[in-house]
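Residue-level listing of the chains:
Number of protein chains: 4
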Amino acid sequence: MKVLITGFDPFGGEKINPAWEAVKKLDDNIAGAKIIKKQIPTVFKKSIDILEKTIEDEKPDIAICVGQAGGRYNITVERVAINIDDARIEDNENNQPIDEPIYEDGENAYFSNLPIKAMVKEMRENNIPASVSNTAGTFVCNHIMYGLLYLINKKYSNIRGGFIHVPFIPEQVIEKKNAPSMALDDIAKGLHFAIKAAVENEEDIQMTEGKIC
Amino acid sequence: MKVLITGFDPFGGEKINPAWEAVKKLDDNIAGAKIIKKQIPTVFKKSIDILEKTIEDEKPDIAICVGQAGGRYNITVERVAINIDDARIEDNENNQPIDEPIYEDGENAYFSNLPIKAMVKEMRENNIPASVSNTAGTFVCNHIMYGLLYLINKKYSNIRGGFIHVPFIPEQVIEKKNAPSMALDDIAKGLHFAIKAAVENEEDIQMTEGKIC
Amino acid sequence: MKVLITGFDPFGGEKINPAWEAVKKLDDNIAGAKIIKKQIPTVFKKSIDILEKTIEDEKPDIAICVGQAGGRYNITVERVAINIDDARIEDNENNQPIDEPIYEDGENAYFSNLPIKAMVKEMRENNIPASVSNTAGTFVCNHIMYGLLYLINKKYSNIRGGFIHVPFIPEQVIEKKNAPSMALDDIAKGLHFAIKAAVENEEDIQMTEGKIC
Amino acid sequence: MKVLITGFDPFGGEKINPAWEAVKKLDDNIAGAKIIKKQIPTVFKKSIDILEKTIEDEKPDIAICVGQAGGRYNITVERVAINIDDARIEDNENNQPIDEPIYEDGENAYFSNLPIKAMVKEMRENNIPASVSNTAGTFVCNHIMYGLLYLINKKYSNIRGGFIHVPFIPEQVIEKKNAPSMALDDIAKGLHFAIKAAVENEEDIQMTEGKIC
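Residue numbers (our numbering), protein chains in the order written: chain A, -13 to 199; chain B, -13 to 199; chain C, -13 to 199; chain D, -13 to 199.
Just so you know, these hints were derived from the structure itself, not from any lab. Computed from a predicted structure; not experimentally measured. We put the beta carbon where it would ideally sit given N, CA and C, even for glycine. Do not take every clue at face value.
Unchecked claim - Restricting the straight-line Cα-Cα distance to at most 30 Å, the calculated cross-link-like pairs of lysine-lysine (DSS-like) are:
{"#": "1", "chain 1": "D", "residue 1": "K10", "chain 2": "A", "residue 2": "K11"}
{"#": "2", "chain 1": "B", "residue 1": "K107", "chain 2": "A", "residue 2": "K163"}
{"#": "3", "chain 1": "D", "residue 1": "K23", "chain 2": "C", "residue 2": "K163"}
{"#": "4", "chain 1": "B", "residue 1": "K10", "chain 2": "C", "residue 2": "K163"}
{"#": "5", "chain 1": "A", "residue 1": "K140", "chain 2": "B", "residue 2": "K10"}
{"#": "6", "chain 1": "B", "residue 1": "K162", "chain 2": "C", "residue 2": "K107"}
{"#": "7", "chain 1": "A", "residue 1": "K107", "chain 2": "D", "residue 2": "K163"}
{"#": "8", "chain 1": "A", "residue 1": "K141", "chain 2": "B", "residue 2": "K140"}
{"#": "9", "chain 1": "D", "residue 1": "K162", "chain 2": "D", "residue 2": "K39"}
Stated by the list, open to error - A few chain B residues that face chain A, going by a derived Cβ cut-off under 10 Å, partial list only:
{"#": "10", "residue": "N78"}
{"#": "11", "residue": "E79"}
{"#": "12", "residue": "N80"}
{"#": "13", "residue": "P83"}
{"#": "14", "residue": "F97"}
{"#": "15", "residue": "K103"}
{"#": "16", "residue": "S119"}
{"#": "17", "residue": "N120"}
{"#": "18", "residue": "G123"}
{"#": "19", "residue": "N128"}
{"#": "20", "residue": "I138"}
Stated by the list, open to error - Which chain B residues stay away from chain C? Per the calculated CB distances, all over 12 Å, these:
{"#": "21", "residue": "G(-1)"}
{"#": "22", "residue": "L12"}
{"#": "23", "residue": "D13"}
{"#": "24", "residue": "D14"}
{"#": "25", "residue": "A19"}
{"#": "26", "residue": "K20"}
{"#": "27", "residue": "I22"}
{"#": "28", "residue": "K39"}
{"#": "29", "residue": "Y59"}
{"#": "30", "residue": "I84"}
{"#": "31", "residue": "E90"}
{"#": "32", "residue": "L137"}
{"#": "33", "residue": "E157"}
{"#": "34", "residue": "D171"}
{"#": "35", "residue": "I191"}
{"#": "36", "residue": "Q192"}
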């Protein structure tokens, strides 16, 4: 089995992106699956183009994109991506779409077909705080997750895919007040066990993990 | 013009639901529109049944459901509802669905066709903290919002509809530590101006209000 | 009985100070006590000078200073003031002392001799979220509280005095993300009941209200 | 030079105390100083008795007590301890004092005579989030810090002493919602550099690190 895992480059004034830093630290083989790592620019459209080209080249069985969620307390596995770009800040090539659909012929939203609860459970059992999230925002993170699931839906139905958000790492919050962070090693460990659960669970498990709001 | 506005009854151990308390305080006429108020039980399926019956009876031009978002800092206008029930706690009739679709023949998600950003802007200009939210959770709030938009999509295409989440009010947080709240009068004032903007704006405005995650 | 209650003017880029706005709204008589209101500049030393002059003029039985605590969720009655100025920002006359004692001959700290827990209890019983705080910071709020208690300790032993911190009001957090606020009317109501409890309780009550940290 | 560093045992329903876990991981020699480690029970009075006995036995030049601050985002060096016990929960031997002075003949408060800002600066420069705190609460953490500084003031004037609070570690927040944490290795690294700065700085540095409230 082959797993493609991507991480964005830094954006929003940050010098590093913990997503890519953690992806780089992953083993080349997890739970018997070969791990392919790819950095993706934090840019609307171009991010999906590069993702699709990598999928074409590598033909992975599983594709997981990883992004930074500054302000979140733990690693969150995203449940759903929505068909909208609504950028609060400019991306890394100065695009700032407001309320534009990502694909005119796409569905309103796509659910990840990864075993998101099994992934959360596996991280927690290994002492990494994790939860399911029901929004990936409306910036490039949601954009690439939507693009990935659109591509799976339209062309690559044999691939399972989704998105994981990771917190700031400590060096990013030195000058921020009351901002949660997670050690880079713990983020990488969390991703390791999330991938392991994705490889080992074709179907998701039943687990209480909803949100009231 | 006629506006139907609903509020849930109390749930999750709370004695009151600020959503319904605020809806009750609304004027009977806002911006020239007649306001119809309806309490809805915090119960999967039954909430949508009662909503549909009320729509049949009242034939509103606009329908807005309102629910409590304990822990949120301001009034949030929801952008999207997703086709899933995933209950962290039981509803008021002891249902606790986990990862079940709301409608088998529904789309993955529906976007509100209310002018959500105009509603946020109008509230802010009247000194009520407000923002757009990209998740209504996976409990009965998302459930009824999805049900409303499903009904609009399938049967009542002339109706515009959506969902607003409101914070706890002060009396609910007396015993909670570090829980934000908003005065009931301010919540009612916020709903007033949100309705006003919905009545006055057929189309939404362009405004930077996206979320990175 | 006579109660002097002071509120600071705006600082730190804010256009208003909810402390003074709330003080202005107070009744002129609370629980049989005459209420004297005084605005105080957010300036090191000068604030204490004006406070002392007002005490000389008015000869109050109780003196309570009120200040803004941006970021706090509820009204906090301060327990203790410490003998240090350590300013993160400049005051309203561009003073920014760092780690300087307020009075060379003062004690390291003074405890408020107001019935702080009775005040918290009275506010809560009237549905205003409130708690005891163990730090008034190291800016002008702690400075004037320390100054008041120093003066009581050295010269005005018949006066009972202390400090109350109040949250932002909603109009101050329109542009702030995830900042708690409290309606001005609720802040004024809270101060009313805090004063009432101070007037009616010579001695404080026993109540569990400590903080682990 | 000899540094005594203590950590509390678990309390409040937790299975471990990150303070002691981190202290255990410290090197036996930091910046040329010998490090003496001691676990202290989370018990009023007994904690100070054991601390004093250890001081008598070990005759350290520097004494630093470390405790858990669940809910804090970073490592905090405490500035001041106040002469009061006010326990929100029972300690580990079921004591729950409310508003009792720690020492009848003690001052209202004692300031740490450690170089608290140099310690914060050293941690930050090594990528460990840290800040100065102006309250150690009113539970056993403040109690032992006050006891230590009382003893220094009354009997051991050659010792420099203070207190450091550390956040939860990840395994403690798996079941908690929105609770910040810090990796145990990072806490230990932070303590290492805090001790280094304490050893190397007889006098504190001037640095803007005050709190508005």
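message: Quick check on the hint: G123(B) CB to chain A CB, less than 10 Å?
response: It holds, given that the least Cβ distance between G123(B) and chain A is near 4 Å, below 10 Å.
query: So is L12(B) really clear of chain C, every C-beta pair being over 12 Å apart?
result: L12(B) clear of chain C: closest Cβ-Cβ about 18 Å, beyond 12 Å.
field: Restraint check for K10(D) with K11(A), where alpha carbons must lie at most 30 Å apart
entry: Cα-Cα ~28 Å, so holds.
message: Beyond 12 Å on every Cβ pair: is that true for Q192(B) relative to chain C?
response: Holds: least Cβ distance 19 Å, greater than 12 Å.
Verdict on E157(B) as a residue remote from chain C, using beta-carbon distances over 12 Å: At roughly 4 Å from the nearest Cβ of chain C, E157(B) sits no farther out than 12 Å, so the non-interface label is violated.
message: Would the non-interface assignment of D171(B) survive a Cβ cutoff of 12 Å against chain C?
response: Answer for D171(B): violated, closest chain C Cβ roughly 7 Å.
query: Are the Cα atoms of K107(A) and K163(D) separated by 30 Å or less?
result: holds, 15 Å
- prompt: Holds or violated: is there a CB of chain A closer than 10 Å to the CB of F97(B)?
  reply: holds, 6 Å
Non-interface claim for K20(B), where every Cβ of chain C lies beyond 12 Å: With a cut-off of 12 Å, K20(B) remains clear of chain C, as the shortest Cβ separation is near 29 Å.
query: Any CB of chain A closer than 10 Å to the CB of S119(B)?
result: holds, 8 Å
query: With 10 Å as the cut and Cβ atoms as the points, is K103(B) at the interface with chain A?
result: Since the shortest Cβ distance to chain A is 8 Å, the answer is holds.
message: Please verify whether K162(B) and K107(C) have alpha carbons no more than 30 Å apart.
response: The given pair, whose Cα atoms are some 14 Å apart, holds under the 30 Å limit.
Checked against the numbered hints above, the structure breaks hints 3, 5, 9, 10, 11, 12, 20, 29, 33 and 34 and satisfies the rest.
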